[in-house]
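Letter by letter, the chains look like this.
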Amino acid sequence: MTRAETVGVPGSDTQTPHIEPQARRTVLRDGISIGVATGTYGLSFGALAAAAGLSLAQTSALSLLMFTGASQFAFVGVIAAGGAPLAGAMSAALLGSRNALYGLHLSRLLRLRGVRRFGTAQFVIDESAAMSLDRGAEALSRLGFWSAGIGVFVCWNIATAVGALGAQLISDPSTYGLDVVAPAAFVALIAPRLKDLETWRAAFLGAAVALAFVPFVPAGVTVLMSACVVTIVAVRSSRTSAAGEA
Amino acid sequence: MWLGILVGALACYSLKLAGLSVPKSVLEDRRVQKIAALLPVALLAALTMTQTFSQKTHLSFDSRAVGLAVAVLAVLRRMSFLTVVVAAAVSAALFRLVI
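As given, the protein sequences belong to chains A and B, one line each in that order. So the first sequence is residues 1 to 246, counted in the numbering used here. So the second sequence is residues 247 to 345, counted in the numbering used here.
In short, the hints are calculated from the structure, not lab data. Keep in mind that the hints are not guaranteed to be accurate.
Covered stretches of chain A, going by a simulated chain B footprint (3 or more residues, C-beta under 8 Å) [unchecked claim]:
id, stretch
1, 22-35
2, 43-55
3, 144-151
Some chain A residues judged to face chain B by a derived CB distance under 8 Å, without partners named [to be verified]:
id, residue
4, Gly82
5, Gln122
6, Leu165
7, Leu169
No residue lacks a Cβ here, since even glycine has one placed at the ideal position from N, Cα and C.
Next up, chain B with everything else stripped away, as it sits in the complex:
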């Protein structure tokens, strides 16, 4: 676990440092700009899906889906970050109690 933490932290730090250090032409490159804009969105979407609809290496559909649906509704209603997270957690927990 510590290895993963240190490798991840070092990689993230290196990216920040690289941004301040590499020549501007690299950062202004169209491909670099596009990747840096689209990659985070795609990854976050991928993480959202796998962490809601999978269990290890199986697809699954359970009360986490209810939590996610509530989170989406809360985001659409422009709730604050904490409200979104708490509403999702509480609704998933309540749904588990009921079923």
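Isolated chain A, as found in the complex:
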């Protein structure tokens, strides 16, 4: 574990002598504990994916290759609701858009050059981005990014497989209420983001548009309608607020 992490910290060897071992240990411990915590999401994701009819290989492929929790839940949720796999892929991609924004801070911090960027990109997730903030020193921030990124990757993938295997033993998912696992997970994922009126409005608008389109378009496409409407509103409101400040 320690070895993998030291290998995974590019450029930290030149900076580490200034950092106290105690501070490094704290950052590493935080990274591992956030990994263990997300393991519980992984269990529910694995169970949900299996309940939606995905094979163990397909479920694990999502966790290994897509590796961004909310997008994976969305993909499987669309499949479970009877939507087309490509509609699921679209929802997953739209939800993954926030990962691009983490690059603003991370590309500066990690100072990536050339091919290294391609490997690092996979570890850009909510948790690793959050753990790289406010560490006091750049080397510690990088360590935070890598310990959370690798910690979550390992735990998430193991937990996914365990959850999927567990749920395969169940014949009818709705008997155990597995069909509400996704909506419950979404509520838990939205809650910390609802900080201001604008976010609440976006949530309500998204919800209302999606429900309004249910009878008219195929399952899985309604959420894409919400995405379109909210994007238009976001662009328009950013224009008016920019004009207001000018």
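Let chain A serve as the given structure and place chain B on it in line with the hints.
Relative to chain A, chain B alone:
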């Protein structure tokens, strides 16, 4: 199914890579920031609603609503993620048994 998985995974990876690669001015753009902040919330809300209150292309109201209500209560009481999910699943299952 595999096509959807691979397309979705590739799209998500490309977004992560794009974040590390595109010029800062693009990511600092007000519209880009706003969309990336509001889109996930709106999508999650949309997914929550459709997966609770619809059945294929019909609106429906069933025991999943009970599960969702329990999930909301659990989130308001700041329960852990696993507690929220398990409480929702168990309550929906129990409600199904009763009715």
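Each hint tested on the structure:
Only when three residues or more bring their CB closer than 8 Å to a CB of chain B does the claim for the stretch 22-35 of chain A stand; here the count is 0, and the claim is violated. Requiring three or more residues with a Cβ within less than 8 Å of a Cβ of chain B, the coverage given for the stretch 43-55 of chain A holds, as 3 such residues are present. Residues of the stretch 144-151 of chain A lying with their CB closer than 8 Å to a CB of chain B number 0, which falls below the three-residue condition for coverage. Because the smallest distance between the Cβ of Gly82(A) and any Cβ of chain B comes to about 5 Å, under 8 Å, the interface hint for this residue holds.
Hint on Gln122(A) holds. Least Cβ distance to chain B is approximately 6 Å, under the 8 Å limit. Hint status for Leu165(A): violated, given a least beta-carbon distance of 18 Å to chain B, over 8 Å. For Leu169(A), the suggested interface contact is broken, since its CB lies about 15 Å from the closest CB of chain B, more than 8 Å.
Hint compliance for this structure: hints 1, 3, 6, 7 are broken, all remaining hints hold.
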